[in-house]
Every structure is written in C-alpha cells, then in structure tokens.
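Chemist: Starting from the known structure of chain A, fit chains B, C, D, E and F onto it as the hints suggest.
Chains as they are written, first to last, in my numbering: chain A, 10 to 76; chain B, 10 to 76; chain C, 10 to 76; chain D, 10 to 76; chain E, 10 to 76; chain F, 10 to 76.
Calculated from the structure, these hints are not laboratory results. Any given hint could turn out to be false.
When chains are identical, the list treats them as one kind, so a pair holds in a single copy or across two.
Claimed, not checked - Cross-link-like lysine-lysine pairs, in silico, PhoX-like; alpha carbons within 20 angstroms at most: (1) K32 - K76; (2) K76 - K44; (3) K44 - K32.
Number of protein chains: 6
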Amino acid sequence: MPYVNIKITRDGVTAEQKTQLIKGATELLVNVLGKNPATLVVVIDEVETDNWGIGGETVTARRQAGK
Amino acid sequence: MPYVNIKITRDGVTAEQKTQLIKGATELLVNVLGKNPATLVVVIDEVETDNWGIGGETVTARRQAGK
Amino acid sequence: MPYVNIKITRDGVTAEQKTQLIKGATELLVNVLGKNPATLVVVIDEVETDNWGIGGETVTARRQAGK
Amino acid sequence: MPYVNIKITRDGVTAEQKTQLIKGATELLVNVLGKNPATLVVVIDEVETDNWGIGGETVTARRQAGK
Amino acid sequence: MPYVNIKITRDGVTAEQKTQLIKGATELLVNVLGKNPATLVVVIDEVETDNWGIGGETVTARRQAGK
Amino acid sequence: MPYVNIKITRDGVTAEQKTQLIKGATELLVNVLGKNPATLVVVIDEVETDNWGIGGETVTARRQAGK
Chain A
10 MPYVNIKITR DGVTAEQKTQ LIKGATELLV NVLGKNPATL VVVIDEVETD NWGIGGETVT
70 ARRQAGK
Chain B
10 MPYVNIKITR DGVTAEQKTQ LIKGATELLV NVLGKNPATL VVVIDEVETD NWGIGGETVT
70 ARRQAGK
Chain C
10 MPYVNIKITR DGVTAEQKTQ LIKGATELLV NVLGKNPATL VVVIDEVETD NWGIGGETVT
70 ARRQAGK
Chain D
10 MPYVNIKITR DGVTAEQKTQ LIKGATELLV NVLGKNPATL VVVIDEVETD NWGIGGETVT
70 ARRQAGK
Chain E
10 MPYVNIKITR DGVTAEQKTQ LIKGATELLV NVLGKNPATL VVVIDEVETD NWGIGGETVT
70 ARRQAGK
Chain F
10 MPYVNIKITR DGVTAEQKTQ LIKGATELLV NVLGKNPATL VVVIDEVETD NWGIGGETVT
70 ARRQAGK
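Isolated chain A, as found in the complex (with noise of 0.2 angstroms):
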C-alpha cells in the first residue's frame, strides 16, 4: 500500500536501472515494515538538470563549472 517517489535528473537512467529502484524499493518496505508487495506503487520521476537546483544553482550549472 505504500506509495514511493524517486526523483532523480535525467542522465540516461537504463530500463534496467530503472527495474532494480522499483525492485529495491519494493523490498526495503517489504523487510522494514512487512508492507504487501501487491499494492506498493514505485513512481520515479526523471528531471532535466536545468530544472534541478541545489545550492542555489542549476545541476547544469554545477556541472560546467566542474562541482
């Protein structure tokens, strides 16, 4: 029944990266909380780094400047 969302940049994140987050996910709430898997939603969501900020700056902008 829990709901999980996983925002993270848009980097060429794979299908098969992708099946491990929802598969991890899904199984650190089944092992912690003894959550059915049934009905456990994995939402990611994948951001373009212009649209991320942290520290007060675009990842884009991290980026190029090497940090």
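Modeler: Quick look at chains B, C, D, E and F alone, frame taken from chain A:
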C-alpha cells in the same frame, strides 16, 4: 483552493479524457466539501511505464508478462 | 494503478467526507480511463491554514480579512 | 542529489524503522545509480488510515472489514 | 535541507528564468529560516497546458476562450 | 496558477515566517515569470526530524551527533 494531483501511466490519454478528469475532480471537491472551483487546481502527471512500478515490477514488465 | 493526491485545508473534514472523496476519485479514474480500482491509491493531505497560501497570503489571514 | 518520498499509513512506525528506511533508500540510490549520498534527501510521510484509500475504500474501512 | 517543488505550465520558460527561480527560492529559505543552502534542493516541473486544470477547465481551453 | 510546495523540518517555524515564505514565493513567481498571483498556491509541509533523512541518516541523529 484544493490541489489535486493525478498520476497515471502515459498511455495515449486524450485531451478530451484529461478535460473529463479535471472537470470530474473539480466537481468532486465542490460537491463533497463545498470548495470554490475558481482557485481549485488539478495537475495530471503522465508517467512512462518503465518508470512506474507495482508489486516490485515495472508496468512495462507486467504487461509483457500478460499481467 | 493510478495515484491521486488531494490536498485540502484542515477544516474538520469528516471521515464520511473522506470516504466520499476516495470513492469519487476512484470512480472518476475507472469511468474516464477504465483503470482497475484494486490498485488505485488516493491519499488526502490536510494542511493547516497557516501553511496554505493563495494570492500571496495565508488562508488564515484571508479568512480574518473576510475574503 | 536525488529526492525520495515514502508515503505510508500512520501505524506506529518506530524511529528505528524510519532510520532503516532512510538508510536503505539512500543505499539503493548509491548502489544502483552511483549517486552521492551527502545531498540525498529522503522524506517519510505518515498518513492517517482515514486519509488513505485503496480500491475505493479507506484503509480504516478495509481493516474493519477484515481485508 | 529544505525541498522546494515549483510546478508551472510548460510555456517556454528559459534556462535563465529557471536559474532565477532556483536562486530566488534558495535565498528565500536562507533569509526567512536561516537554512543551509548547500543541501537545499529545488525541483521545477513543467506541465503541459492540457494537463493543468483550474476552475474545472484545462489551461488550454481557458486560453482558447480568452481567459 | 503555479503551485509551490515547500518542505521543511518541523522546528517551531512561526506564523510570521510562514507568511514571509508564502509572500516571498509568490513574488518570486510573479517577478520571474509574470504569473498572476490570484491563483498562485503555496503549501508548506513541516516534517518531523525523525522523518527527514539526509546523507543516509535522520536529521534527529545528525543533530545528536552535532552535524
């Protein structure tokens, strides 16, 4: 004033269906809670089937398996 | 499979009204998009009026001003 | 840099279980995507069972019905 | 440490405007609450006008009607 | 029309500070994007420090460790 977010898989939902979702969600909040529709916001997110997991699998994988 | 999030101000919404919101949002997605209700999740967030702003003011301030 | 949001019903989850969820979600993103854990945020939302619906019913109602 | 999510319609917002939004939201949290900017995350979501509803209508429809 | 969500730890933020956050976020969107403030929504979520993780630890644990 309420804010409603509807997340669905990206499956060719038409503009007409989106209109119905927005109209229906707005009417629901007006009818049940007497909210003012003028400032009632509905946002629909369409998510790739690779990015949506349920039961520990992606929707893509579930459909390939005939689930 | 869809996920619906309804954010409203905390104003004494009753358990019966929450039941109606959950039932209504589920039926909306079933009717418009033919979604399977079994795994359709609805989460209602109730937000303090101090924490909800519209038009640059909190809802608390707007109500005190008779808006 | 990723942001993970875990929504669960409010059911007496302990501080130790929350620590495990946060540690596990962080490790998952580090292991699968090589993300830097230093800026990786995990937020857990606990939702009242009256406010969580699945299959068109509240979790409160489902539990009363023995589902 | 805060997390800020800004949802706007997809209307040709430039990279420079996104930079200003991220910088401004970060400064706001630093100035009002004294938060550390280093781990302060801002995510901007751009939403198609067909997917955004207000007053029970899509933004697309409102614009066509001259609202 | 934009929707802004600010998530912070629950640390005794005052009503006056919330008013400043809502006013500031609204002005930011008006100034950068020319948005109409009348339908601009800001929602502040305050999250317990046990429920907020960064760097794989809860904020509670980080503060106890003097981080």
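Chemist: Tell me, please, which holds for K76 and K44 at an alpha-carbon limit of 20 angstroms: within, between, both or neither?
Modeler: between (39 angstroms within a copy, 14 angstroms between copies)
Chemist: If the cut is 20 angstroms between Cα atoms, do K32 and K76 qualify within a copy, between copies, both or neither?
Modeler: between (31 angstroms within a copy, 17 angstroms between copies)
Chemist: Could you place K44 and K32 in one of the four classes (within, between, both, neither) given a Cα distance threshold of 20 angstroms?
Modeler: both (14 angstroms within a copy, 18 angstroms between copies)
Violated hints: none; the structure is consistent with every hint.
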